[in-house]
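Visitor: Each chain, letter by letter, is given below.
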Amino acid sequence: MASREIVRYRSPLRSVLQGLSILFLIFFFVWTVLPLLIMVVSSFKDLLDAFQLPEVGDFGGVGVMFDFKPTGAHYVELFTEKHFGVYLRNSLIASLGSAAVSVSLGSMAAYALSRAEFRGKRDLLFWIISTRMAPVVAVMVPLYVIFRSSGLVGTLPGLILAYTTFNLPFAIWILKGFFDNVPYAIEEAAQCDGCTRWQAFRLIIPLVAPGIAAFIVLCVLFGWNDFLFASIIGSGGAKTLPVATAELVQPVKIQWGMIMAAGVVTTVPMMFLGLLIRRYLVAGLTMGAVRE
Amino acid sequence: MAAVTITDVWKYYGKTVAVKELNLEIKNNEFMCILGPSGCGKSSTLRMLAGLEFISSGDVYFDDVRVNDLPPRDRDIAMVFENYALYPHKTVYENMANPLKLRRTPKQEIERRVRRAAEILEIDPLLHRKPVELSGGQKQRTAIGRAIVREPKVFLFDEPIAHLDAKLRSHMRGELKYLQRSLETTTVYVTHDQLEGMSMADRIAVMHEGVLQQLGTPEEIYNRPYNEFVAGFVGEPPMNFLDCTLERTNTGVSVVHSGFRLALTERQADLLEKGGAEADVRIGTRPDNLAIEPGADGALEVPGEVFVTEPLGGDMIVEVTVGSDRVMAKTKIGPMGGPGEPCRIGFDVDKVHVFDKTTGVAYF
Chain B
5 MASREIVRYR SPLRSVLQGL SILFLIFFFV WTVLPLLIMV VSSFKDLLDA FQLPEVGDFG
65 GVGVMFDFKP TGAHYVELFT EKHFGVYLRN SLIASLGSAA VSVSLGSMAA YALSRAEFRG
125 KRDLLFWIIS TRMAPVVAVM VPLYVIFRSS GLVGTLPGLI LAYTTFNLPF AIWILKGFFD
185 NVPYAIEEAA QCDGCTRWQA FRLIIPLVAP GIAAFIVLCV LFGWNDFLFA SIIGSGGAKT
245 LPVATAELVQ PVKIQWGMIM AAGVVTTVPM MFLGLLIRRY LVAGLTMGAV RE
Chain F
80 MAAVTITDVW KYYGKTVAVK ELNLEIKNNE FMCILGPSGC GKSSTLRMLA GLEFISSGDV
140 YFDDVRVNDL PPRDRDIAMV FENYALYPHK TVYENMANPL KLRRTPKQEI ERRVRRAAEI
200 LEIDPLLHRK PVELSGGQKQ RTAIGRAIVR EPKVFLFDEP IAHLDAKLRS HMRGELKYLQ
260 RSLETTTVYV THDQLEGMSM ADRIAVMHEG VLQQLGTPEE IYNRPYNEFV AGFVGEPPMN
320 FLDCTLERTN TGVSVVHSGF RLALTERQAD LLEKGGAEAD VRIGTRPDNL AIEPGADGAL
380 EVPGEVFVTE PLGGDMIVEV TVGSDRVMAK TKIGPMGGPG EPCRIGFDVD KVHVFDKTTG
440 VAYF
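As they're listed, the protein sequences go chains B and F.
193 is the number that this note's numbering gives to position 189 of the first sequence; each next residue is one higher, with no gaps.
135 is the number that this note's numbering gives to position 56 of the second sequence; each next residue is one higher, with no gaps.
Note that these hints are calculated values from the structure, not bench results.
Some hints here could point you the wrong way.
On the chain F side, residues computed to face chain B include the following (Cβ under 8 Å) [as the list claims (entries may be wrong)]:
#	residue
1	A129
2	P167
3	H168
C-beta atoms are modelled at their ideal positions from N, C-alpha and C, and glycine is treated no differently.
Here chain B stands alone, though its shape is the one from the complex (with noise of 0.2 Å):
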């Protein structure tokens, strides 16, 4: 194999442009990551401390807000008194289970359209992706007239099933474009191996596996962070963490405190499904055992 060696040479115009791109990520770090160190530090904070914040200019005073003591009151108060632990546990399985859903079945209706010749097949994977086009407010009121008259509004299966709507397109266009990489000769020589079709296409699931991966991330997401869908079809009996979060923003009182330590409940997770993932998300992309 030839070197991937990019070549670079030194340049006046390029030492510029390096200094520019290091300053632009001095930035990006303050943008992206200081809000989050932000919510932890405060989520420990009583709401005294929380507010001691330094001088405009004064960057001297920085330490001000490092100056505390810290307190896992308001963790305590949102499991005891806020339930959060039953919101996050209808968080985890709206998600979840609208992403299982969301997998099982998009991975064998990716597969069909991606093997199978039909007539009408663009025009069928043209109205699966048109179904994402329009805004989730624009078809919110008939969806909740159709669950209300289902008896879904309010309950898990009722929110994953909305989430699945919306999930469902998406994992059938990005799991279509994983398998017509997967080529079919696999599956011939598994037939000739002695398997069923439904064996051979279990087995070059695992070849399909950073894809799958990649979508359970993206679905798992935008399940997680919904509010809108949350608020309304799952309002009542299947209120999930962004929800709750929402609710504790009082007329009388805003419980800062808590709401950043909703902030760091509704994060951590997401953040451990990432690691979790990235192992699939980069393994096999390389797997390449057949010759093009």
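Chain F: place on chain B using the hints.
Guide: Structure of chain F alone, referenced to chain B:
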């Protein structure tokens, strides 16, 4: 181990005909090669035998069992694909064990058979590697290993060594032939490389545009081609074809070309009369059967002019302009004039073939 019978098989893709009325009987334990250029229907035929494609019409029998409606797994075949089609996420061992595992073979038996196949193919040190860590030849051996761990009724090979480099290919030809002889299993081998067919097969079926052209042993295919297509497809360098006219005189029959006149033997003349040959014919002669010598005043009967010489080490190919045509002659390497210089060539009349100009069918 089974005889394969193909009767009146057609294959259509939409309106395109891939295989036309194919009749072929493959004997038990025979090494049959289906040879033809790309798009001749040879792969479609093989895939119909495997059950990977439907048979549009006609029947395929393994021994006495009609297999038309059986899925691949119930036909008891093992196939090796052109692009190997290994399972990328499984090791060499797992790849080879898969067909046995699917048949619920006991674990020790799987282990024993995989090891044995790996030893035969000399890939036993690689059993724990994944396909991505293998070279082309090793991948191909693994694919063959996956086929030979079982004892299937029929081996199907779809251009298995087409992607290997030339040296490895010639090595694998010998190995495959040896393997087939020692395993004694009916084998159908599809290739576009006439050398593979000639060197390995018991019999060759030459196909062109979906139609079986000739079925015979390599010797028959080479020495008695049924038509111009078979004659031109088999042999390297390819046969020379020249448009000629027949001249019938009291003393016998000759073929006349712008560059020479060639008296045919009595046997050949009889065959032409029996075939009802018309005046316009095409003659064919293999480059090996053309003698050539440099210079204008040699003993050989036909004068020519060197066009180009291609030395091949021990032999060389000389392209010679004769009359209005160009022919190739293969000879031992030696002095030969440069382009434009005169030379003389001689035909081996016994080994000249004459074809009908319109149908391409050989008279002899």
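Visitor: All hints, please: hold or fail.
Guide: So, going through the hints one by one against the coordinates:
1. Interface hint at A129/F: satisfied, since its Cβ lies 6 Å from the closest Cβ of chain B, which is below the 8 Å cut-off.
2. For P167/F, the interface hint holds, since its Cβ comes within 8 Å of a Cβ in chain B; the closest pair sits about 4 Å apart.
3. Contact between H168/F and chain B, as hinted, is supported at the beta carbon level, the nearest pair being about 5 Å apart and thus within 8 Å.
The structure agrees with every numbered hint stated previously.
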